[in-house]
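*Asks:* Chain residues, written in single-letter form:
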Amino acid sequence: MKSLSQYINLYAECRRQLDLVPKPIAALRPKALDALRVFSEQTMRRAPYTEAAIDRLLEPDYGLNIQRMGFAVDLSATFRCEVPNISTLLGVTLNDTFRPTESLMRNIPEGLTVCSLTKAAAGMPSVVERYLNTLAADSTPQAALNTLLFQDGVFVYAAKGVSVERPVQLVNIFNAPVPLMAPRRLLVVAEQGASLRLLLCDHSQRNDIDYLSNEVIEVFVHRDASVEIYTIEENGASTRHITSFHCRQEEGARLTLNTNTLSTATSTATYTIDLAGTGADTRLGGMVIADAGQTVVQNVELTHSVPDCTSTQNFKFALSGKSKGAFGGKIVVKEGAVRTNAAQTNRNLIASDDARMTTAPQLEIYCDDVKCSHGATTGQLDPLALFYMRSRGIPEAEARLMLTQAFMADVVDSISYDLIRDRLRQLVERRLSGEKASCAACAAENTCHC
Amino acid sequence: MNNEQHNPQTAGTRPAACPAAGNDSAVIAQATTGDYKYGFSSDIDTEIIPPGLSEDVVRLISEKKKEPQWLLDFRLEAFRYWKTLTPPTWAHLDIPTIDFQAISYYAAPVKKEGPKSLDEVDPKILDTFNRLGIPIEEQKALSGMAVDAVMDSVSVRTTHRERLAEMGIIFCSFSEAVRDYPDLVRKYLGKVVGYRDNFYAALNSAVFSDGSFVYIPKGVRCPMELSTYFRINSAGTGQFERTLIVADDDSYVSYLEGCTAPMRDENQLHAAIVEIIVEDRAEVKYSTVQNWYAGDREGRGGVYNLVTKRGLCRGTNSKLSWTQVETGSAITWKYPSCVLSGEGAVGEFYSVAVTRNRQQADTGTKMIHLASGTRSTIVSKGISTGHSQNSYRGLVRVAPKADNCRNYTQCDSLLLSDTCGAHTFPEIQVANPSAVVEHEATTSKISEQQLFYCNQRGIPTEKAVALIVNGYAREVMNKLPMEFAVEAQKLLEITLQDSVG
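Here the protein sequences come in this chain order: E and C. Be aware that the first sequence starts at 1, since it is given in this note's numbering, and climbs by one per residue. Be aware that the second sequence starts at 451, since it is given in this note's numbering, and climbs by one per residue.
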């Protein structure tokens, strides 16, 4: 990957500034640099929608906010993201700098920590050292690049037995007058018996400037803890987004991850989940709506390492225009992981001549007492259903919208938190009807509050 | 290895029609020894050129076969291209490094002057076939099939030629086809699997020794199943077969391929190419039962089966159907594919792959939909036991201009031990909004309830497993021609009987 050498050079030039971070972070840099050097000499020849695509994404010469210059925050954009009728614990990451809101500081319950990663690394270094980069571990070029360059991030920590009722909402915003790359980092730890809900929103405020977000998320779910994560991606037409999501679940831990990609230029996400404790349960859901020239790639690598774990996956793509979609889902069942129950579904709708979909659902099983299945379909809306609706006076465009909405319904319906579910349903409807999807609706409805 | 009581009519590759009735105990006794039944080597004079591969060797092979210049050029081009390649590593296989210079690339039984009747054929060769369960006389007289028996690399005998010739059907060895029908061979050779296709295809194109050639003229329905037996015989010689089947407009042919190989300590390489061309409204059915030596329990020895098989359905409403039962080989790397470039063409792939002990199989298919209205069906059944690894790898691609295409893929795995692996690597690429592509896969083991149900009714566990496995594989077995289906079912039973506990 030749594109990496420019970043290796950049690190060499700006090492002094980049290493002005607390020790637990700075200590990770040398290994990341070594890993990057190895990656930079490799030729990525796997499927075109994985590593090779990352190489192309990293190619342009993006700026990095190494000097930690302040950019103005457009607060209205922040408010736009508030979920109506629920008050969340809101934190904002502007480009790659975390800023807690006042309401977060005021309302944060006991046992929950939501703060900047640098602050956490300075204040509680042993905890950060114990977790940070242990899952991502520079295993991919994008993760190693993030570890080499990130200067801030978000740290979310729920102490033993703490159950947080209000969702924590973390909004990532891009706003810079020049092309910019933001290495973002999120570390989530739920200690034994804790439960936590996270809503992650991604927005870029401008359509005309190239932004690249290279985000690494690490989630640790300890024994009998529960973490629910909902993501909404609504970016401008020239924002590219790389996500590396890593999670480790201990005994009886539950993870719910629901991702919603509504608009973006290119979005490449890899979800690596390790079910490392018996009785762990994972529920993954993903919805992608793409049109124009958008490209959305979602890869899942889910490993059942121990007996008695369950996992379900449900990913749906609706593609139109010249959009491209790719889904790669791999379930690995290791030797000895008996009584595993794993199911994966990927369904895709192609609504235009130029849209393309590639799907590769994979099973790798080294154990006999398991139940594993995967199903994948690619097709179009049922012409009979369309005809039925039209014959009852529903215009074609509306009939299509209703059917597509119904197609997506089970992903949205699987969200257990009803307020977020209703919000998403609304967003999907707006997105499909071709309106600028943005959460701007939020402000228009005048239901926002700080 | 006990061959004394071996009866080719009941326990060979061509068993009697009713396997379950009388000789259960014999079958079980034979199976539980777990050794490879067909592991013997006949002591026939073979003409082997020394190990190693160079341009000179390629020229020598061509010269020995008295080939025309264009074919030598084809081989040389392929060889030069092959030198630039490295073996593919993407498959889920652990292939030991193969020293291509340590292999002898040509072995032909020494020819005695043109045998005109069976009496003139080397009795040892005939005996080998007898031990394999394919006595040529009986085949010829009873089964009504035309058998082109290939031993090592050169065809030794072709039967029923006259009857086929009357209908204009050409069924002969590849060398004969090059000699007698050079224009036909030249027109079609390498058109479906070019020498640039992959590492092993390039190798085969450079050094292929012999194979079969089939041409079915316009409007002819081949009256019998065509059959070829491949058999590796000489130690240390790779076998590089090349099969070319051309079905002209409105024709039909069913082609059977079955293989057994003698037991060897060192690994043997088999890198074959099968090319099939199907014209307008023609239909080709290609069935394989593969039972090469799979190595011993510890994974020592066994055949490396690295094969490129592809058919081009370029005629309107043409049809190609692949059916395979894979039980042998230490390593299987095989993806029989269909390129559907004629409107309304149909591609089918039915496969049962069984792996046990330390066997590794990475097999599947590609269905490339290039024209409108094309349809394809994939049914793959994997069965793994012991420490084996069994993978399905498939690609379904729908091109932008191919409207109204349809694919259905079903891919099931059955695991019979807690140390084996069953994997599924499908890929679906759709570039046309009118396509409907479905894929489903399941993995499971034989449930306790199923076994209990059978036990309760007096069926011992071992038989119950065979029963369940046969039911599981039935969908594919039903696609095999009659004679093959019986053999394949028996093979499946014998293969699994000693490995389920």
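Simulated from the structure, these hints should not be mistaken for lab results. We put the CB at the ideal spot given by N, CA and C, even for glycine. It is possible that part of the hints are untrue.
[To be verified] Far from chain C, some chain E residues (derived; all Cβ distances over 12 Å):
#1 V127
#2 R254
#3 G279
[Stated by the list, open to error] Cut-off 25 Å, straight-line C-alpha distance, at most; resulting in silico cross-link-like pairs (DSS-like, lysine-lysine):
#4 E/K322 / C/K851
#5 E/K334 / C/K895
#6 C/K637 / E/K371
#7 E/K160 / E/K119
#8 C/K514 / E/K330
#9 E/K330 / C/K816
#10 C/K637 / C/K514
#11 E/K371 / C/K514
#12 C/K895 / C/K913
#13 E/K119 / E/K23
*Asks:* Hint by hint, which ones does this structure get wrong, listed from lowest number up?
*Replies:* 6, 8 and 11
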